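Participant: The lines below spell out each chain.
Protein chains: 2
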Amino acid sequence: MTESLLLSRRDLDFLLYEWLDAEALTKRPRYAEHGRETFDAMLDLSAEMAARHFAPHNKKNDAQEPRFDGERVHIIPEVGEALRVFAGSGLLGATMDEEVGGLRLPSLVAGACMAWFQAANVGTCAYPFLTTGNANLLLAHGSREQIDTWVRPMVAGRFFGTMCLSEPQAGSSLADVRTRAEPRPDGRYRLFGSKMWISGGDHELAENIVHLVLARIPGGPPGVKGLSLFIVPKYLLNEDGSPGARNDVSLAGLNHKMGYRGTTNALLNFGEREGAWGELVGEPHRGLAYMFHMMNEARTGVGLGATALGYTGYLHALDYARGRPQGRPLTDRDPASPQVPIVEHADVRRMLLAQKAYVEGALGLCLYAARLLDEERTAPAEEERARARLLLDVLTPVVKSWPSQWCLAANDLAIQVHGGYGYTREYDVEQFYRDNRLNPIHEGTHGIHGLDLLGRKAVMNGGAGLRLLLETIAATARRADAAGGEAAEFGASLTAAAQRLGAVTAHLWAGGSPEEALANASVYLEAAGHVVLAWIWLEQLLAAQGGTSAFHAGKRQAARYFFRVELPRTGPQFDLLMARDLTAAQMDPDWF
Amino acid sequence: MTESLLLSRRDLDFLLYEWLDAEALTKRPRYAEHGRETFDAMLDLSAEMAARHFAPHNKKNDAQEPRFDGERVHIIPEVGEALRVFAGSGLLGATMDEEVGGLRLPSLVAGACMAWFQAANVGTCAYPFLTTGNANLLLAHGSREQIDTWVRPMVAGRFFGTMCLSEPQAGSSLADVRTRAEPRPDGRYRLFGSKMWISGGDHELAENIVHLVLARIPGGPPGVKGLSLFIVPKYLLNEDGSPGARNDVSLAGLNHKMGYRGTTNALLNFGEREGAWGELVGEPHRGLAYMFHMMNEARTGVGLGATALGYTGYLHALDYARGRPQGRPLTDRDPASPQVPIVEHADVRRMLLAQKAYVEGALGLCLYAARLLDEERTAPAEEERARARLLLDVLTPVVKSWPSQWCLAANDLAIQVHGGYGYTREYDVEQFYRDNRLNPIHEGTHGIHGLDLLGRKAVMNGGAGLRLLLETIAATARRADAAGGEAAEFGASLTAAAQRLGAVTAHLWAGGSPEEALANASVYLEAAGHVVLAWIWLEQLLAAQGGTSAFHAGKRQAARYFFRVELPRTGPQFDLLMARDLTAAQMDPDWF
Numbered sequence: 001m002t003e004s005l006l007l008s009r010r011d012l013d014f015l016l017y018e019w020l021d022a023e024a025l026t027k028r029p030r031y032a033e034h035g036r037e038t039f040d041a042m043l044d045l046s047a048e049m050a051a052r053h054f055a056p057h058n059k060k061n062d063a064q065e066p067r068f069d070g071e072r073v074h075i076i077p078e079v080g081e082a083l084r085v086f087a088g089s090g091l092l093g094a095t096m097d098e099e100v101g102g103l104r105l106p107s108l109v110a111g112a113c114m115a116w117f118q119a120a121n122v123g124t125c126a127y128p129f130l131t132t133g134n135a136n137l138l139l140a141h142g143s144r145e146q147i148d149t150w151v152r153p154m155v156a157g158r159f160f161g162t163m164c165l166s167e168p169q170a171g172s173s174l175a176d177v178r179t180r181a182e183p184r185p186d187g188r189y190r191l192f193g194s195k196m197w198i199s200g201g202d203h204e205l206a207e208n209i210v211h212l213v214l215a216r217i218p219g220g221p222p223g224v225k226g227l228s229l230f231i232v233p234k235y236l237l238n239e240d241g242s243p244g245a246r247n248d249v250s251l252a253g254l255n256h257k258m259g260y261r262g263t264t265n266a267l268l269n270f271g272e273r274e275g276a277w278g279e280l281v282g283e284p285h286r287g288l289a290y291m292f293h294m295m296n297e298a299r300t301g302v303g304l305g306a307t308a309l310g311y312t313g314y315l316h317a318l319d320y321a322r323g324r325p326q327g328r329p330l331t332d333r334d335p336a337s338p339q340v341p342i343v344e345h346a347d348v349r350r351m352l353l354a355q356k357a358y359v360e361g362a363l364g365l366c367l368y369a370a371r372l373l374d375e376e377r378t379a380p381a382e383e384e385r386a387r388a389r390l391l392l393d394v395l396t397p398v399v400k401s402w403p404s405q406w407c408l409a410a411n412d413l414a415i416q417v418h419g420g421y422g423y424t425r426e427y428d429v430e431q432f433y434r435d436n437r438l439n440p441i442h443e444g445t446h447g448i449h450g451l452d453l454l455g456r457k458a459v460m461n462g463g464a465g466l467r468l469l470l471e472t473i474a475a476t477a478r479r480a481d482a483a484g485g486e487a488a489e490f491g492a493s494l495t496a497a498a499q500r501l502g503a504v505t506a507h508l509w510a511g512g513s514p515e516e517a518l519a520n521a522s523v524y525l526e527a528a529g530h531v532v533l534a535w536i537w538l539e540q541l542l543a544a545q546g547g548t549s550a551f552h553a554g555k556r557q558a559a560r561y562f563f564r565v566e567l568p569r570t571g572p573q574f575d576l577l578m579a580r581d582l583t584a585a586q587m588d589p590d591w592f
Numbered sequence: 001m002t003e004s005l006l007l008s009r010r011d012l013d014f015l016l017y018e019w020l021d022a023e024a025l026t027k028r029p030r031y032a033e034h035g036r037e038t039f040d041a042m043l044d045l046s047a048e049m050a051a052r053h054f055a056p057h058n059k060k061n062d063a064q065e066p067r068f069d070g071e072r073v074h075i076i077p078e079v080g081e082a083l084r085v086f087a088g089s090g091l092l093g094a095t096m097d098e099e100v101g102g103l104r105l106p107s108l109v110a111g112a113c114m115a116w117f118q119a120a121n122v123g124t125c126a127y128p129f130l131t132t133g134n135a136n137l138l139l140a141h142g143s144r145e146q147i148d149t150w151v152r153p154m155v156a157g158r159f160f161g162t163m164c165l166s167e168p169q170a171g172s173s174l175a176d177v178r179t180r181a182e183p184r185p186d187g188r189y190r191l192f193g194s195k196m197w198i199s200g201g202d203h204e205l206a207e208n209i210v211h212l213v214l215a216r217i218p219g220g221p222p223g224v225k226g227l228s229l230f231i232v233p234k235y236l237l238n239e240d241g242s243p244g245a246r247n248d249v250s251l252a253g254l255n256h257k258m259g260y261r262g263t264t265n266a267l268l269n270f271g272e273r274e275g276a277w278g279e280l281v282g283e284p285h286r287g288l289a290y291m292f293h294m295m296n297e298a299r300t301g302v303g304l305g306a307t308a309l310g311y312t313g314y315l316h317a318l319d320y321a322r323g324r325p326q327g328r329p330l331t332d333r334d335p336a337s338p339q340v341p342i343v344e345h346a347d348v349r350r351m352l353l354a355q356k357a358y359v360e361g362a363l364g365l366c367l368y369a370a371r372l373l374d375e376e377r378t379a380p381a382e383e384e385r386a387r388a389r390l391l392l393d394v395l396t397p398v399v400k401s402w403p404s405q406w407c408l409a410a411n412d413l414a415i416q417v418h419g420g421y422g423y424t425r426e427y428d429v430e431q432f433y434r435d436n437r438l439n440p441i442h443e444g445t446h447g448i449h450g451l452d453l454l455g456r457k458a459v460m461n462g463g464a465g466l467r468l469l470l471e472t473i474a475a476t477a478r479r480a481d482a483a484g485g486e487a488a489e490f491g492a493s494l495t496a497a498a499q500r501l502g503a504v505t506a507h508l509w510a511g512g513s514p515e516e517a518l519a520n521a522s523v524y525l526e527a528a529g530h531v532v533l534a535w536i537w538l539e540q541l542l543a544a545q546g547g548t549s550a551f552h553a554g555k556r557q558a559a560r561y562f563f564r565v566e567l568p569r570t571g572p573q574f575d576l577l578m579a580r581d582l583t584a585a586q587m588d589p590d591w592f
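So the protein lines, in turn, are chains A and B. Here the first sequence is numbered in the UniProt record's numbering, starting from 1 and rising by one per residue. Here the second sequence is numbered in the UniProt record's numbering, starting from 1 and rising by one per residue.
So here's chain A without its partners, still in its complex pose (with noise of 0.2 Å):
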C-alpha cells in the first residue's frame, strides 16, 4: 500500500510545523539535540516502514486471525517481521531516554509516527503500544532494578508487554477485582485469579511477556483503594536475565472479535497451580493510581488508532470516488455523456468532507494532548507545566472518545462512498469500521468517560480543568476576532459554544443530586467534545489563514464545515442538559 493511502503527510507538516511548533520544542534541553532534520527523518521511516511492513499484512491477519490450539497461539510471521522491524527503529522508546534505548524524542512527534503504524495496521500496532506503556509505568513508577530487568528488554523489543486490569466480574468496575497477590518471605508474591480482555496477552512474538497485573494483598482496603501493581512476566528469568521456567500464567482462551483481529485478546489464568511469581511495582495499594499512568497513555493511544483508522478510511475514500465514474451531474442527464467521477456529487462530496472534518480534527486534537504532554514534561516554568498537565487531564476523555466516535463515523462514510464494494471484504474501508468499532468500549467506555468528564474532570479542584479549557478556547477566539472576517465569526460561534458549555456544568452541579447531575453525562461528553472539536479547526483555520494552496483551501473549508454543519449539533445536546431532562433515568426497567 502506499503512503498516501495511510495519511497525509501534508496534513502532518501543517500540523507540526505551521500550527503546533514543534520546531520549537528543539529550543529546550531535553531535546536539543533534535533538530527539524531528525523529526522529519522520523517521520519519512515511519511512513514508510507503515507502508512496507505494516500495511501489505494488514488484511491478512484479519482473515487468519490468531488461533490457540490449546498449547499455543499460532499468528501469521508478517506479524512478528514488521515487530521486529519496528523494534530495530528504536521507536519502542520512542520518547525515553538513551540510556535505557529510548530515542528521546518530543511526544508530539512521536505520536505522527505512531499514527502511520496504526493506519497501516492497528491489529499488529498493539503490541509495541502496549509495550511501550508499559515501559512508561515501569519507568514512572518502577525501581531502578525493575527498569533494568524489565523495561530494558522492552524498549529493545525482547520483551512485550500488557495491561492486566479486568477480569470476567469486573469490566467497568475495578472495585470489584478479585486476584490476589499473596506474599512470600522472599518479598515476592504469588498471584491467584482470572484476567479477561488483555490484549497481546499470549504469543510467541517475544521471548517473554510482561504482564501488569493489578491485584488484592490479603488485608488490605476493599475497593479501588485495595488494588496493587505487579509485574507478573510469562516465563520467570534465569540469573543473567534471560528467560528460564514458565511462570504459573496459562491461557485460557483467546476472544473472537468483529475487528481488531490481528491483535490476540486473551483469558488468562493466574495461579492455577502453585501461584504466578509476581514482584510488586511501587508501594501497596497504589496500584490503581500507578496503573493510570498506563491508562491516560492508551487512551490517548486509541484516540490516535481511531484517528489513524479514519484518516485511512477517508484516503481510500477519496482515492476511491476521484477514479470511479458513475452518473452525470444534475443539470446534464444525456445518457450518451460520459459519466463523472463521483466525486463530482454533492452529496458524495458533503461524504468526504465530513469525514475530512472529523479526521483531521481528531488528528489535530491529538497532536494537540501530545503537544501537552511535551510541556508537561520540558516547559520552563513549573507554572507552565502544571497548566498543561491540568488541561490535558480534562481534555483526555474527549481524546479518547471523540476520535472513537466520530472516526468510526468517518469508516462510516469511508463504506458509504464506495457503494457496495466498500461492503465487501475485496475492498478495505469495511475493516477499519470493524477494527474501529472497538475504540467507544476499550479503555474506558464512552459512558464511562462522560461520567469521568462530568463528575470527575469538569469539577475537580473546584473547577479549574474546566475553567482553564475555556480559557485556553478563550484565548483561541479572541485571536479569530482580531483576524476578522470569518474566523471572527467562528470564534463568535465558539465563544457562546464555550458559554454554554461552562453554564450547563455550573447549573448540573447546582443542587440536585449526582445521579441528576449526572443522568445525561454521556450527552455532555459529546457536547463538550464537539466544542473542543470546534476550538480545534478555530486553531486550524488560524494557521492556515495566510495559505494560497489548495491544501490551505480545503483547511479553511473543512473548518467551515464544522462550524456550519457539526456545532451546531450541540444546540439540542445543550438544550437538553440544561433542561435536566430525565426522560432516560426514569425509565422504569421494567418497562422496556
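Hints in this document: simulated from the structure, not taken from any laboratory. Don't take every hint at face value.
[What the hints assert, rightly or not] So the derived label-pair ranges between C-beta atoms look like this:
#1 D148(A) x P589(B): 50 to 58 Å
#2 A381(B) x D332(A): 38 to 46 Å
#3 R479(A) x P589(B): 26 to 34 Å
#4 V340(A) x K225(B): 48 to 56 Å
The model shown is predicted, which means the values in this text are computed figures rather than measured ones. Glycine included, each C-beta is placed from N, C-alpha and C at the ideal position.
Once you have looked at the hints, place chain B on chain A.
Facilitator: This is chain B only, laid out in the frame that chain A set:
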C-alpha cells in the same frame, strides 16, 4: 433462540390491533374470510418457525458463508431446510390470491410475519423475500402464461427469484445499463451482459432461478427510457414446465461481504456463449417502470429488515443488561455491597431507551406503510385508494432509509450495552451490526433516497404528496391537541417541525438551481425522517394513552424520549437547509 429475543409479540399486538386496527381490514371483501384468529395464527406460526428453523443457523451461515468452487455454490444444508419449511407455510404468497397459491393476507399482517424471519436470520430470508417480490411484479405486469409458468412455481417454493439491475459500470446510474437483448424470430430474446450485486444470484436451493433482468433492445432510446424487462431463467423449461437444459447464464463469482453473508451475492454473466434466452415482460422500453414495482416493495422490505435487525439487537441488549451485574449506584460506592444489573445505570437505560425508540418507531412506520398498501388495494373509494398510494409513494424513501440509519444505530448501541462481550463473535449483536450495515447501501443508497425525496417525491404533482403527508401529520396533531396534556405539547412540537419541513421544501425550490436545492438532500431526508418518526410516535402515544400496563407506560416513555431527545436534532438540520448551505457543494475536489 427463544422467540422473545427476536421481536416483541406484545408490541406487534399493540401495533396491529391497538393502533392500526388490523381487524377493520376483515370487513373488506378481499379479507372477509380472515379474522383476528387467522392473523394471530399466522403470527404464532411465523414466530415459531423463525425461532425453530431460521435463528439456529444464523451464526453458522455467517461463519461458514456460501462458497463457490468454480462449479457450484455450497451453502450449509440448514438454509434449504428452513426454506422448505417456509414454503410449506404458504408465506411466499402471503398477500397473493388463492388461485396462484397465495394466502390473501393483508400486507400489514404479512409484514408482521416476515419481520419474525428477518429478525431470526436476515441472510436466509433474502431468498423468499426476492422470490415474493419477483412474483408480485409478474402478477402485476406479466402475461397470463408467464404467471402460470413462473409465478406458480415461485409461490410454491420450487423456483426462486432475483432482480438483476446493476452492472459493474452501472450501480446507482441505471441509465448506463448495457446488457442487450436481441429479438429472435420466435418472439424470444437472447441476452448478453454482466449483472452485479445479484442477491440469490446462484445456488441450488430451488429447482430453478427466475432472473428478472433489465436490458436494452437494440434500437431503443438511450438512458433509462430504453430499458426493457426480461425473464431469464437459470434452467430452460421442458414442455411440461420442469427445468431442463442450462440457460446461458453463468456465475462469474460471489462477493464476500462484511455481513449479510448468508445470502449469496453474485456477479452473473449472461450470454457468454450463444446468448441467454429471455422473454419480455410487458411492453418494450417500459422495464424500469415495471421494475419499480419490485423495487418499491424491496425498499419497504429493506426498511423492515433493518428494523428487525435493530429490534432483535435491542432485545438481546435488554436481556444482557438485566442479567449482567456490574458496578453500583452513584450513591452507593461501598465495594462490599453487591453489584447491580447494568440496566440500573442511567447511561445503559439511555442506550436501551434510544434503541426502543428507534426500533419500535421503525416497526410502527413499516407497518403503517404496509397498512397503506392494504388501503391502496382494498379501500372502498377510489379517492381513498389514490390517497394511500400517494402517501406511500412519498413515504417510501423514509421507510427505506430511516430504519437503515437508525436501527443500525440501535445495533451500535446494543454492542455498547454488551461492552467488550458485544464486540466478540461469541455473542450475537456484532453480527446484527454487520448485517445491518448493508441496508443504507442496497436498493438505492442513502444519498439516492435523499434525491428521490427532495427532488421527486416532495415536488411531484405540484407537491401533492408532501402536502398530503403534512395534512396527515396535522390530523394526528389535532387529535393530540384534543387529548391535552403531554400529547398536546408533543403535538405542538410536531406541528412546528412539520411546518418547518413544508417551509424548507418551498424555500429550497423557490428559485435557484436544482444543484443548490439538492445540495443537502441527504440532510433533508434525515430531517424529514425524524419528523415522520415523531408523527409515528405521537400516533403510538395516542394509542397507548389509556393503557395502565407497564407495556403502555414504556410506550409513553419512548414517545417522550423521541420528542425530547430525537426531534430536536432536526433544528440544526432545518437551519442548514434554510441557509441553503453550500459548504460541501463548494468544496473543490482539488482541495481534499
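Participant: None of the hints should be skipped; say for each whether it holds.
Facilitator: Hints, verified against the model:
no. : hint                          : result
1   : D148(A) x P589(B): 50 to 58 Å : 56 Å, holds
2   : A381(B) x D332(A): 38 to 46 Å : 43 Å, holds
3   : R479(A) x P589(B): 26 to 34 Å : 31 Å, holds
4   : V340(A) x K225(B): 48 to 56 Å : 21 Å, violated
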